[in-house]
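**Q** All chains should be modelled from the sequences, with the hints used to inform the complete structure.
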Amino acid sequence: MRQTSSHHLMQDTKSVGVVTPQYVHIDSPLQLKSGATLDRYHLVYETYGQLNAAKSNAILICHALSGNHHIAGVYADKEKSQGWWDNMVGPGKPVDTDRFFVIGVNNLGGCHGSTGPTSIDSTTGKPYGASFPVVTVEDWVEAQEKLSQHLGIEQFAAIMGGSLGGMQAMQWTLDYPEKVRHALVIAAAANLTAQNIAFNDVARQAILTDQEFYGGNYYAFETLPRRGLRLARMLGHITYLSDDSMAAKFGRSLKRNELSFGYDVEFEIESYLRYQGDKFADLFDANSYLLMTKALDYFNPAYAYNGDLSAAFRGVKANFLVMSFTSDWRFSPERSREIVKALLDNNLNVSYAEIDSNQGHDSFLMENRYYHELVRAYLNNITI
Amino acid sequence: MNDTAALSVANLRPDLAAIAEWIQPGKKVLDLGCGDGSLLRYLHETKDVFGYGVEINDQNLLNCFYNGINVIQNDLESGLSSFESGSFDYVILSQTLQAMRHTEDIIKEMLRVGKQGIVSFPNFGYWRNRLQVILGQMPMSKALPYHWYDTPNIHLCTLNDFEDLCRRCDARILERRVTSNYRPVHFLPNLMGVLAFYRFERAK
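Just so you know, the sequences run in chain order A and B.
Going letter by letter, the first sequence gives residues 1 to 384 in my numbering.
Going letter by letter, the second sequence gives residues 385 to 588 in my numbering.
Incorrect hints may have been included.
Said to hold, decoys possible - Think about it this way: if two alpha-carbon atoms lie no more than 30 Å apart in a straight line, the pair counts; the simulated BS3-like pairs of lysine-lysine are:
1) K492/B to K179/A
2) K499/B to K179/A
3) K588/B to K317/A
4) K526/B to K588/B
5) K411/B to K431/B
6) K588/B to K179/A
7) K146/A to K294/A
8) K317/A to K412/B
9) K179/A to K146/A
10) K431/B to K317/A
11) K255/A to K14/A
12) K492/B to K249/A
13) K588/B to K492/B
14) K431/B to K412/B
Stated by the list, open to error - From chain A, some residues computed to sit far from chain B (all C-beta separations above 10 Å):
15) S56
16) E178
17) R337
18) L344
19) N381
If you're looking for bench data, these hints aren't it; they were derived computationally from the structure.
Where a beta carbon is used, it is the ideal one built from N, C-alpha and C, also for glycine.
**A** This is how it looks when you write it as structure tokens:
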């Protein structure tokens, strides 16, 4: 491990404690990129810390594929309900809630409380299901901007996210250059590679071809495309890890000490993946998963500029911290460097860190002292 | 910016202060192997210079964050492909050239990316170095603080050697400063100088 001065690391860190989700109902129609319109919708969000009088200390954290608004803290009377980025966000943590007002929001199309396929469509009285419109990163930013208006925040001190969350942070700087002072874009890319889209499509095919999917209207049949969602998650999970981390964690270890010469679980990795798949299939909605992967595939800010990302960033004003992880092959460091290049071409303030980690794409969620210290140091320099 | 006091030239490392003197206010600077970023921070705070550092070492990178400068983690050996041609007024390489594998390439890259290049390095031709070799040992000194077996310095050179390289790379030398104990050396610089500083541009 790296040596860092203890002065900066000896921080008293604790959890934000018990948190309660809040809702905002938005009655103005949202024109989606697809051409469809959402007449009204609601967003579920959580906040941590206090918004200062100048309203200058807000940080929006955007979630990735399977994330949600519950970033930090726990729910009352609910065991194991820690937020998904609790190691990053809290009092004395890298995103210090003693200093910043932090917002987490579940994106449109999600399945954790914001309007999505499982919500009731007021025009039919039934769940949207397959009729929920395809949403994009741009649409999410529009909806998040409505939330910021609701909270009275005219400019964010920072917007940050990993993976798909980093894409939203980028999109914010493009769509609302005056409203973002800093963007922290972690383990992201300016668009997906063909290989990445391919992984997403196999995941979607697993869901779409599940007999229990019923064209997305499985709610009506009181069933779930569990097998499809489980397979989608198992595939995805492999791509979020690295060969090295899987070798270190599982190797060729067997559940029992002998081969069974059958197709039941034998290797530990099989057991792990099936467990992860099962857990996910219980918690996540298949339609939401389809939507989220589509949002990933469509993200491509350079498209309108003939593929010239530097041109896409021309009107951007934010300062950037871009970070990648050496073992992340799904959003590799090369892809982060493309973002950095576009920012450099526009003379924007940018720092870039390529963090040594063997934990693949999932590294951005892991507690890594050096990674966290970089985030802490970067945010410390932000004047509020 | 950080809450520590603004850097003054007095607590800037003397060899960096020498380089800072060459930088005109308001210009755009790329500092290769920028260490903890104190030169860029000083230039930003005192000369309104905008710039980026390039650094590979994790601890240095973190120190750059503490100094509040822009820093890009990158291996100089792989070139400067992130930077457009002619996009900087100055490209600085301070006391790093001698530790680089691709010496010629980095000089060419500096000439491509910057209008001017600034390089500093320990002069291997300094008389004490020569004396230690004559006495049968690889030189060690304040400017060359490593043993032969643990030194990162793989391409040490003299003033004359560096000037040969500049010719080879089509670099025109605009200014040279040679120092000993951070004081200027004018008499027999290749023998009496400890550190060498060059400012150069692309020969037309």
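**Q** Going back to the hint list, which numbers does this structure go against?
**A** 1, 2, 3, 4, 6, 11, 12, 17, 18, 19
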